[in-house]
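Participant: So the chains spell out like this:
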Amino acid sequence: MSPYLTQTLTTGTRLELRGPIGGWFVWRAEQTEPVQLVAGGSGIVPLIAMIRARERSRSTAPFRLLYSVREPGAVLYSEELRALAGSDDGVRIDFAYTRVAPEDSPRPPHRIDAALIEQAAWPANTSPTCYVCGPTPFVEAVAGFLTTAGHRADAVRTERFGAMGEQR
Amino acid sequence: MSMPTDDYLDGNAAAGMMSEIFAADVTVAEAQCAHCGITKRFAEAHVYLQAPGLVARCAGCGSVLLRVVRAGGRAYIDARGMTQLAFEMPERG
Chain A
1 MSPYLTQTLT TGTRLELRGP IGGWFVWRAE QTEPVQLVAG GSGIVPLIAM IRARERSRST
61 APFRLLYSVR EPGAVLYSEE LRALAGSDDG VRIDFAYTRV APEDSPRPPH RIDAALIEQA
121 AWPANTSPTC YVCGPTPFVE AVAGFLTTAG HRADAVRTER FGAMGEQR
Chain B
1 MSMPTDDYLD GNAAAGMMSE IFAADVTVAE AQCAHCGITK RFAEAHVYLQ APGLVARCAG
61 CGSVLLRVVR AGGRAYIDAR GMTQLAFEMP ERG
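Chains as they are written, first to last, in the working numbering: chain A, 1 to 168; chain B, 1 to 93.
Calculated directly from the structure, the hints in this document are not laboratory data.
We put the beta carbon where it would ideally sit given N, CA and C, even for glycine.
Please note that a few of the clues may not be correct.
Said to hold, decoys possible - Calculated Cβ distances over 12 Å to all of chain B for the following chain A residues:
#1 Val100
#2 Glu118
#3 Arg157
#4 Gly162
Unchecked claim - Examples of chain A residues toward chain B, derived with CB under 7 Å:
#5 Ile21
#6 Gly22
#7 Gly23
#8 Trp24
#9 Ala29
#10 Phe145
#11 Glu159
#12 Arg160
Said to hold, decoys possible - Restraint ranges, calculated between C-beta atoms of paired labels, are given here:
#13 B:Leu49 - A:Asp154: 19 to 27 Å
#14 B:Arg74 - A:Glu71: 42 to 50 Å
#15 B:Thr5 - A:Arg56: 35 to 43 Å
#16 A:Pro123 - B:Ala51: 26 to 34 Å
#17 B:Thr39 - A:Glu79: 42 to 50 Å
#18 B:Glu20 - A:Gly150: 37 to 45 Å
#19 B:Asp78 - A:Gly73: 41 to 49 Å
Go ahead and model the full structure; you've got the sequences and the hints to work with.
Facilitator: Dropping the structure here:
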């Protein structure tokens, strides 16, 4: 779908939109438990929607976002995320830069691994609901780290956008 | 039978196609695999779209749960791979 949108679709193309469809990879304002978001590349898109829904509903559910991205220039929603990180709004944001990290990064470039999950993600005993979105290999790896860290499999919700997606 | 590869999506990707057929949201329904017996949300199934239709496989054992093919103005559904697909429904009354 994304290649179609970026490469084929042109100004004036007529579109018919349906949806939103599918109720599984969804955060609802009634949820009060901690929320762990893990994004790989453009997998941030549905997760930023959850962060915005949290703001709109004035929810105080504590959120954490762990965002894996190639380099600082590839960060989507960077202004919005910077504003969130600088506020005291209950959303903690950690980045995992996989190729180039900024100079003030606490970590050298590294993919998400079990150690980073332990540092940055909610511990399993806080019973968060986890939402993981990214390329299929990324989602498989992160879901594995989370369940290994003790998170219940049915508390780890995943959305994959395929193996041919961007590199994490 | 072709073997599953790692180039799959998940049950969320089937939501649009299934919503054209079923009134309820299939992705949140609980599907029991007829092969290994595990029950998971349909959204967690591994979905392959690079096929003549849609193939959903069990995230636990890889067996085919569901096949959907649209051809000649019809939708064909083979759900032999599931012993049960359970939906939350309000009580009638």
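Participant: Against this structure, judge whether each hint is valid.
Facilitator: Do the hints match the structure? See the list:
1. No Cβ of chain B comes within 12 Å of the Cβ of valine 100 of chain A; the nearest lies about 27 Å off, and the non-interface call holds.
2. Every C-beta of chain B lies more than 12 Å from that of glutamate 118 of chain A, the closest at about 24 Å, which supports listing it as non-interface.
3. A beta-carbon of chain B comes within 12 Å of the beta-carbon of arginine 157 of chain A; the shortest separation is about 8 Å.
4. Separation of glycine 162 of chain A from chain B is inadequate, the least Cβ-Cβ distance of about 6 Å not exceeding the 12 Å criterion.
5. At a threshold of 7 Å, the smallest CB-CB gap from isoleucine 21 of chain A to chain B is about 4 Å, leaving the interface hint in force.
6. Of the supplied interface hints, the one on glycine 22 of chain A holds, with its beta-carbon coming within about 3 Å of a beta-carbon of chain B, less than 7 Å.
7. Here the hint on glycine 23 of chain A is kept, as its CB sits about 5 Å from the closest CB of chain B, short of 7 Å.
8. Hint on tryptophan 24 of chain A holds. Least Cβ distance to chain B is approximately 4 Å, under the 7 Å limit.
9. With a least beta-carbon distance of about 18 Å to chain B, the hint placing alanine 29 of chain A at the interface is violated under the 7 Å criterion.
10. Restraint check, phenylalanine 145 of chain A versus chain B: the minimum CB separation of about 17 Å is more than 7 Å; hint violated.
11. A cut of 7 Å between beta carbons decides the hint on glutamate 159 of chain A: the least distance to chain B is about 5 Å, and the hint holds.
12. At a threshold of 7 Å, the smallest CB-CB gap from arginine 160 of chain A to chain B is about 5 Å, leaving the interface hint in force.
13. In this structure the supplied range 19 to 27 Å holds for leucine 49 of chain B paired with aspartate 154 of chain A, their Cβ-Cβ distance being about 25 Å.
14. A beta carbon spacing of about 49 Å between arginine 74 of chain B and glutamate 71 of chain A agrees with the range 42 to 50 Å that was offered as a hint.
15. Checked against the hint of 35 to 43 Å, the C-beta distance between threonine 5 of chain B and arginine 56 of chain A comes to roughly 40 Å, which is consistent with it.
16. For the pair proline 123 of chain A and alanine 51 of chain B, the supplied restraint of 26 to 34 Å is violated, since their beta-carbon distance comes to about 40 Å.
17. About 43 Å separates the C-beta atoms of threonine 39 of chain B and glutamate 79 of chain A, a value consistent with the hinted range of 42 to 50 Å.
18. Our hint of 37 to 45 Å for glutamate 20 of chain B and glycine 150 of chain A holds, since their Cβ atoms are close to 39 Å apart.
19. Under the hint 41 to 49 Å, the C-beta atoms of aspartate 78 of chain B and glycine 73 of chain A, about 47 Å apart, fit the expected range.
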